[in-house]
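Student: Each chain is listed here by its residues.
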Amino acid sequence: MLVSLKWLRDYVDLPMEIDVEEIARQLTMSSAEVDAVHRVGSNWDRALITVGEVLTVEAHPDADRLRLATVNYGSAEPQRVVCGAPNLTEGQKVAFGREGANLCNPQNGKWQRLKAAKIRGIESAGMVLSEAELGLSQSHDGIIELPADAPVGAALVDYLGDVVLDVHIWPNRADMMSMLGIAREIGAILGVGVHAPDLEYPEGPEISKDTVHIEIEDPSLCSRYVATVVDGIKVGPSPPWLQERLIAAGQRPINNVVDITNFVMFELGQPLHAFDLDALGSKVCVRTAKTGETLRTLDEINRELTSETLLITNEAGPIGLAGVMGGSSTEVSTKTTSILLEAARFDPVSVRRTSTRLALRSEASSRFERGLSPELAERAARRATKLFVELCDGKARSGLLDIYPRPHVAPVVEVTRTRLDTLIGFHVPSHEVEKIFDALGFEMLSNQSSADSFEAKESFRVRAPWWRTDIAIADDLVEEIVRLAGYERLPATTIRGRTPEWEPTPTRSFRDDLRDAMTDAGWQEVITYSLTSDEVLARVISTEHMLFSSLFRVENALSSDRKVLRPTLRHALLEVIDHNIRGGAEEVAIFETARVYLPQDGEPQPEERDYLVAALAGFEIDRWGRATSRPLDFFDAKGAIDQALRVLGFELSYEAGDEFAMISGRVARLSIDGDAVGVLGEMEPEVLKQFGIDQQVTLFELDLEKALAHANSQKVIASVPRFPAVEQDVAVIVDEQVPAGAMRTEFENSPLVKSATPFDVYRGDQLPDGKKSVAISVNYQAPNRTLTQEDADREQAKILKRLKRQFGAELR
Amino acid sequence: MPTNHDSLALDNLAAVESDARRSLSVAEDEAALESWRTDVLGRSGTLTGILRSIGALDADDRKIVGRRANVLKNELEEAFDERRALLAAGKITDIAGVDVTLPGRPHRIGRLHPVTQTMRAVLEILQRLGFAVIEGPEVELDEYNFDRLRIPADHPARDMWDTFWIAEQEGRIAARQTLLRTHTSPMQIRYLEGHEPPIRVAVPGRCYRYEATDATHEWMLQQVELLAIDEGVSLADLKGTLHEFARQIFGSDTEVMLRNSYFPFVEPGVELAVKFRGQWLEILGAGMVHPEIISAAGYDPEKYTGFAAGMGIERIAMPLYGVDDIRNFYQNDLRFLSQF
Chain A
9 MLVSLKWLRD YVDLPMEIDV EEIARQLTMS SAEVDAVHRV GSNWDRALIT VGEVLTVEAH
69 PDADRLRLAT VNYGSAEPQR VVCGAPNLTE GQKVAFGREG ANLCNPQNGK WQRLKAAKIR
129 GIESAGMVLS EAELGLSQSH DGIIELPADA PVGAALVDYL GDVVLDVHIW PNRADMMSML
189 GIAREIGAIL GVGVHAPDLE YPEGPEISKD TVHIEIEDPS LCSRYVATVV DGIKVGPSPP
249 WLQERLIAAG QRPINNVVDI TNFVMFELGQ PLHAFDLDAL GSKVCVRTAK TGETLRTLDE
309 INRELTSETL LITNEAGPIG LAGVMGGSST EVSTKTTSIL LEAARFDPVS VRRTSTRLAL
369 RSEASSRFER GLSPELAERA ARRATKLFVE LCDGKARSGL LDIYPRPHVA PVVEVTRTRL
429 DTLIGFHVPS HEVEKIFDAL GFEMLSNQSS ADSFEAKESF RVRAPWWRTD IAIADDLVEE
489 IVRLAGYERL PATTIRGRTP EWEPTPTRSF RDDLRDAMTD AGWQEVITYS LTSDEVLARV
549 ISTEHMLFSS LFRVENALSS DRKVLRPTLR HALLEVIDHN IRGGAEEVAI FETARVYLPQ
609 DGEPQPEERD YLVAALAGFE IDRWGRATSR PLDFFDAKGA IDQALRVLGF ELSYEAGDEF
669 AMISGRVARL SIDGDAVGVL GEMEPEVLKQ FGIDQQVTLF ELDLEKALAH ANSQKVIASV
729 PRFPAVEQDV AVIVDEQVPA GAMRTEFENS PLVKSATPFD VYRGDQLPDG KKSVAISVNY
789 QAPNRTLTQE DADREQAKIL KRLKRQFGAE LR
Chain B
191 MPTNHDSLAL DNLAAVESDA RRSLSVAEDE AALESWRTDV LGRSGTLTGI LRSIGALDAD
251 DRKIVGRRAN VLKNELEEAF DERRALLAAG KITDIAGVDV TLPGRPHRIG RLHPVTQTMR
311 AVLEILQRLG FAVIEGPEVE LDEYNFDRLR IPADHPARDM WDTFWIAEQE GRIAARQTLL
371 RTHTSPMQIR YLEGHEPPIR VAVPGRCYRY EATDATHEWM LQQVELLAID EGVSLADLKG
431 TLHEFARQIF GSDTEVMLRN SYFPFVEPGV ELAVKFRGQW LEILGAGMVH PEIISAAGYD
491 PEKYTGFAAG MGIERIAMPL YGVDDIRNFY QNDLRFLSQF
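Sequence lines, in order, name chains A and B. For what it's worth, this note's numbering labels the leading residue of the first sequence as 9, then goes sequentially. For what it's worth, this note's numbering labels the leading residue of the second sequence as 191, then goes sequentially.
Hints listed in this document are in silico derivations from the structure and should not be mistaken for laboratory results. Don't take each hint at face value.
Said to hold, decoys possible - Sample of chain B residues at the chain A side, in silico, Cβ under 7 Å:
#, residue
1, P327
2, L425
3, G430
4, E445
5, L527
Claimed, not checked - These stretches of chain B come out as covered by chain A in the derived footprint (C-beta under 8 Å, 3 or more residues):
#, segment
6, 366-372
7, 449-460
8, 516-524
Idealized CB from N, CA, C, for every residue including glycine.
Model the full assembly from the supplied sequences, consistent with the hints where possible.
Tutor: As structure tokens, this is what we get:
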């Protein structure tokens, strides 16, 4: 809410010289956040932009639309300028800018120095200014008209300048959506006086139920409806001071009747509506819409109504959306002479639903939906009626039409001293508590102990002021006390009592260990978005996959590429690779551990499962850090993954397999102790092309939960072997399709073999077609004796025999 | 006066000296030493050659050059003896020198994402302060994200959390039943369902806001929620705990400031700002757990009180690392990530 300090001074006794920043700070500390402090007129040149008086207005000899104004701006000689504004009249007080003044160009919004110019042959070295030219608003239809008592020659900033606070009001504080509400808070914080505006006006003949009959069908949707009737209204522009107030609040002036309703809304917080009484007729009914009813609203749009829509109706049908917008049939026009002013308390939920459904959120709806006090309606009706009398020549009928079936009872709430002290951890003395309640308008009903001064059993019983609709329980009072006493007075203490029992979180720890192991092995962690698109997903998982259609999709996506909750992380890593290759990266080794979202039968929430995905792309880096021409491949990835996982005590088994979007023959299914845990493979070039990647990419995926099941929380440490090992290399010739891993396993199954590592694969001239030679380095060792060369030879012969039987392997 | 001829002879002498000293410094065995002696001091050695040619100079030059050459001869003989002694004592190995200014062999470096690093730092501190770390679902029910946190449908407080809704699916997801959690606060309710006071937990995780991105707003963010419930937990405890947290993450002289705020699930509600490098930063919203939330969980709100707080990790990482655009975090540009 925009709060003009000038306007605020009408209600709160602020000293003339104040530190605005300090007030903004205190308001923010104790009450509502001040988002910004705007200084209106701070860029107006004191000497060049002044209050002027239009002495004469003549026609421009060469232009119909332009006129010549002689303006007295306080110097000895008045100045003649050309002016195009339609509302220029003799004797008017105006804002006058002279040559050199810095003004806002309404065409482009830029601030520029005013230059003297010949306009249609007439020299003009000044300008009568509009709001737009002063940067006050977008309005450039005419010049600003200042009140008649504006002092000619005064710097405009002194006369019209202002400080406007942009205050963010919490959703529970309906009472603060008003100048008076802000004034009350400032008054309580600074300890200065606050004055509500005068509500007295001369009343004419008694208003009667025969004039207008008002009926509320469902009081739960409208707990109070107050109306006044004013005759003899003259509709016209509002006086400048009123327009100025509305502009400061960010509202465009329209005519005096509408402006008064808006003014009172900003002043007191109660949205009001004025109906043309002649168009209205003699019956008003507040009810929900019937099937098939429609309403043409003030903005000339025909609105479809639902059975939920709360309406103001007359005998002919709907005439307004309650609390949201009036209808055009009863709109106040220049011909209007009598009005019915409505000040009602509509149900917040109803107003919010209707305004949201019709996209008609407004100043009015934002006040109703916070839940206004019904007590406010009567005060606002009287205040607006007073202004109709004073500013529109209106004659008010005496009394009010007031339908108020269940009058508001201000809540009485009690807070004990124990509760107060316990909750804030600090003792605010009783006299201060009482002072705070008083400053905020709470009525102290009893303080049980002030008599016997036994504070421990003390209890404060207060009645909330009628405007506070947010006070219900003792803790609400605690907040009132602590926010005014000042949070800076609270000590900084620690929680006493015992620390809750520690619960291990194995998944978390495992994820952290994995991240550390991956980064240690040279993989960079990334964090990517959880949402993607069907199109991107279809590149990496089969659309025929049963889960594809049942994936969790967002109803209101911000963009079409962030619509689906991902069931995989693969696409995201490929997107990161593409981004970085484009950025010139020569080697990309990245990983992410994050959740995927898997639909579960009949469940409104998915299974959220942790995965690790890593991707490797780019080229081998040479001894000098330059990229070579050798692309990083499957084995680079496998080595780096193995390195990471071995740190965690995992031995992955690799077996040839297939996977969607990966190159057939370059995919390994990964398992631990026979349990499938993931996949490692090179991505299909066609798939990569869809991501914009024209390089080789190897991708690794691990199901964290499955891997965790095999994590050895307790490592079993073998002692260092006491007897030396025998190293022997052996090369065997086998069919091309025999995996090296299988032979390795065969070696390692021997009790004398500590490890067997393939170290060379040869294919070529010296071997028959379809055969390869695999060289294996074998480490023989026994736990209890020194092996001899002969022992190793004997064992090797045994193993080779088995290899021959199983794989047709021949010693090379 | 020395002639030009003489200065030429001195130049030659200097060249012989520097050659001789360099070659002696790389002589690494007895054979190399001997061959050095022959090359320099031997009968047809370089220095011997100069000594022999002195006679050809005129008298003045002969004096100067001769004296210098004889001094050098003595020095080189000394250096030779010294070198031989060092070799004999095994104090010189046979490893050639390297140019230590050449680049090292490159090794790939991996780092944790800055948000992970910050999250870890935050959680480590909270664990030291006695908070256990738990997690909860990101795809949450409206009931937990809003209703049971006292944020009913059609209440303007809902505007404080712009929400991604999960689209309806027949037989599984009703309209507006499921959403992407807007904060980690639903875990207050979920944790209270299965645990009784004393409670002290921290809940990290991704949250989502339906809002346009700019330099200070992202639609995906990481939060940490704090919940502490026990007998006698107070707003001053909240202040003290968060002050200690702020000191550990931002530095021991960090100041904190509480100010009024509003969240429907706390009362009183506060916002905490920390003073970091002279600037007040709002890093978290907090407050005393609303008594209705404690009683709804089946505990006596007169006996148990507690505080809750929620902080955005990116908002802490940004000032810590001097990152001025939040969008950098999830763009995953290695040129950005490799700086952390």
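Student: Hints first: check each against the structure and report whether it holds.
Tutor: Structure-based check of all given hints:
1. P327: With a closest approach of 6 Å, the P327/B hint holds.
2. L425: holds, 4 Å
3. G430: Constraint on G430/B satisfied, holds at 4 Å.
4. E445: With Cβ-Cβ at 10 Å, over 7 Å, it is violated.
5. L527: holds, 6 Å
6. 366-372: holds (count 3)
7. 449-460: Holds, because 9 residues of the segment 449-460 of chain B bring their Cβ atoms closer than 8 Å to Cβ atoms of chain A.
8. 516-524: With 6 residues in contact (Cβ-Cβ under 8 Å with chain A), the coverage given for the segment 516-524 of chain B holds.
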